[in-house]
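Chemist: These are the residues of each chain, in order.
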Amino acid sequence: AQSVTQLDSQVPVFEEAPVELRCNYSSSVSVYLFWYVQYPNQGLQLLLKYLSGSTLVESINGFEAEFNKSQTSFHLRKPSVHISDTAEYFCAVSGSGGYQKVTFGTGTKLQVIP
Amino acid sequence: DTAVSQTPKYLVTQMGNDKSIKCEQNLGHDTMYWYKQDSKKFLKIMFSYNNKELIINETVPNRFSPKSPDKAHLNLHINSLELGDSAVYFCASSLYQGPEAEAFFGQGTRLTVV
Chain A
5 AQSVTQLDSQ
15 VPVFEEAPVE
25 LRCNYSSSVS
35 VYLFWYVQYP
45 NQGLQLLLKY
55 LSGSTLVESI
65 NGFEAEFNKS
75 QTSFHLRKPS
85 VHISDTAEYF
95 CAVSGSGGYQ
105 KVTFGTGTKL
115 QVIP
Chain B
21 DTAVSQTPKY
31 LVTQMGNDKS
41 IKCEQNLGHD
51 TMYWYKQDSK
61 KFLKIMFSYN
71 NKELIINETV
81 PNRFSPKSPD
91 KAHLNLHINS
101 LELGDSAVYF
111 CASSLYQGPE
121 AEAFFGQGTR
131 LTVV
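Here the protein sequences come in this chain order: A and B. Counted the way the working numbering counts, the first sequence spans residues 5 to 118. Counted the way the working numbering counts, the second sequence spans residues 21 to 134.
Hints should not be assumed to be uniformly reliable.
Below are the BS3-like pairs computed for lysine-lysine, each with C-alpha atoms no more than 27 Å apart in a straight line [what the hints assert, rightly or not]:
no., chain 1, residue 1, chain 2, residue 2
1, B, 72, A, 105
2, A, 53, B, 91
3, B, 91, B, 64
4, A, 105, B, 29
5, A, 73, B, 91
6, A, 53, B, 60
7, B, 42, B, 56
8, A, 113, B, 64
9, B, 60, A, 113
10, A, 105, B, 91
11, B, 56, A, 53
12, B, 61, A, 113
13, B, 91, A, 113
14, A, 73, A, 113
15, A, 82, B, 61
Source of the hints: derived by calculation from the structure; they are not laboratory data.
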């Protein structure tokens, strides 16, 4: 069994400021990790994922996340946020190997303040 | 040319009624899913189909019955609706079954049972 904890339900941040959205997971097996973003009135979209290899993964719009096995974390960061980054962000985990379901966290609402 | 489309977007109905939500994907994906997102934004998988075959069936009341007439469609029929069924239901698809596969989500169907 696996689980995901997103401790912050809401994160307000001023435009052009840096942001970190926290994600911790628990799993008894090797994992794949994901961040999905949900803009208002839309479905979820994959932002970035960690499968293997480099522990630092990046998205095309400036977000990055680092897989930290010892701390069982996969925090999402951006050095300078834009108004358009306002959305709900979901961290997710699945076991690696074979077919396993993806477990989502409860989401963090990022509110960028002009 | 929406990738994953589900209808209707909003559904308000009385307790005891039967309703269906339709989902279609034009991505040529083999795997489709139904997720339920409750009022606290917790997103939980309900069903997964791969090439029209049921792969995952989580602990869901048997009032919920998915049907996949072909691999591009996965509909959800709900009998005898209850107040607790109120939620946002998301359809999703992925190229293949496998936890590392990116899931593409529809916009969601907000079901309100009164």
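Chemist: Checked against the structure, which of the hints given earlier come out wrong?
Modeler: 5, 13
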